Amino acid sequence: MPRFAIAATRQALPGLLEIRKRTDGRTMTVYLGLPDTKLSNVDALLLTRLDQMKLRSIGPGRANLDNAISTLLPISGLSPITPVSAPDPSVVICIGTGFEPSGFRLLTTDYDRIVDGILHLPLSRIRIVMDPEPNRGMRTALESRVVKRIREQPVDPNSTKKPVTDVEVIDYAVGGQPPLAEVLASATHVIATADNIPVISMAVSMGLPVYIAGMERVSNELRSYYHMLDGRNLVRRFYPQNSRYSYMLAPDITGNIDEFSAIRDHDPWGTYDAQQDLSDVAEFIKERYIEINS
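All the letters of the sequence shown, read from the start, carry residue numbers 9 to 302 under the numbering used here.
I should point out that these hints are in silico values taken from the structure, not numbers from a laboratory. Quick caveat: nothing in here was measured; it's all calculated off a predicted structure. Hints may be right or wrong, so weigh each one.
Claimed, not checked - Only pairs whose alpha carbons sit at most 27 Å apart, straight line, appear in this in silico DSS-like list of lysine-lysine: (1) Lys294 with Lys29; (2) Lys46 with Lys29; (3) Lys294 with Lys46.
Unchecked claim - Across the chosen pairs, the derived CB separations fall in these ranges: (4) Phe107 with Asp281: 24 to 34 Å; (5) Gly278 with Asp44: 32 to 42 Å; (6) Asn228 with Ile14: 27 to 37 Å; (7) Arg64 with Gly239: 23 to 33 Å; (8) Glu291 with Arg157: 43 to 53 Å.
Built from N, CA and C at the ideal position, the CB exists for glycine as well.
Based on the sequences and whatever the hints tell you, model everything.
So this is what it looks like as structure tokens:
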């Protein structure tokens, strides 16, 4: 009989509840996120700050649960890495499923903004990461509006900027792809759509510069969540230097201009200790397990 059973997806939740039932509660069940069941049906819940915001919108008391511990971001278990050193930026573009119920729906025009924003930059490499479960229409639009446009970008004979020739598509709906953490580690900058919370969490935990595409359109709890992350200097809005108000930008306190987020001056990037989150969760589970079985 296992001492612990942990589930992190909706698909795994029925199996988690079945284990709890068959072991008569002797196996401690843990769920990462908000389950589609009574919150008391799981022994311990690992809630992100966004999960807590969702609960608080239902009722103030719902966010204070005896069987829950909160983390800022979804658990990733990743540590900061040494940033990639390259003369020109290497970008990973991460596209989500197309919908985040807490306040964002991806539009095909978001694809256009991403491409329009990066084509003028002197990039050495672009890797496009496709979620394994995007809706069909968004996948088709991604291929035509992003991949095709980047690969077929016109060459300006009067420009000194070389077109990006190293363009790779990583589709996680197809087997044999490299681990996502390995893909992110190859980037100097990560651009993620606002619905792609798991990827954003991983990139932030790794200490990478993360830019949110579509951040200006988020609403409800997701708006508050990104406002909090931006306030901690963990993410920035994707607003490239050729955007509407970027001509007003002055160098930040480091003397640099962020070409990927030219909407305002920025403080230096913040840090996030994902390992401390793991330690806090482990201590919570340990104490709760001892209490349950004492």
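| message | So if I understand the rule, the pair passes when the alpha-carbon distance is 27 Å or less; does lysine 46 with lysine 29 pass? | response | Measuring from Cα to Cα gives roughly 14 Å; hence the hint holds.
| query | Regarding the pair lysine 294 and lysine 46, is the alpha-carbon distance no greater than 27 Å? | reply | holds, 23 Å
| message | Can you confirm whether the C-alpha distance between lysine 294 and lysine 29 stays at or below 27 Å? | response | holds, 21 Å
| task | State, for the Cβ atoms of glycine 278 and aspartate 44, whether the hinted interval 32 to 42 Å holds or is violated. | result | holds, 33 Å
| task | For arginine 64 and glycine 239, compare the CB-CB distance with the range 23 to 33 Å and indicate the outcome. | result | Given about 18 Å between the Cβ atoms, the range is violated.
| query | Given a hinted range of 24 to 34 Å, is it respected by the beta-carbon distance of phenylalanine 107 and aspartate 281? | reply | 30 Å Cβ-Cβ, so the 24 to 34 Å window holds.
| said: I want to verify a distance hint. Is the separation of the beta carbons of asparagine 228 and isoleucine 14 within 27 to 37 Å? | reply: holds, 29 Å
| Is it true that the C-beta distance of glutamate 291 to arginine 157 lies inside 43 to 53 Å, as the hint says? | holds, 49 Å
Hint check: a violation occurs at hint 7 only; the rest are consistent with the structure.
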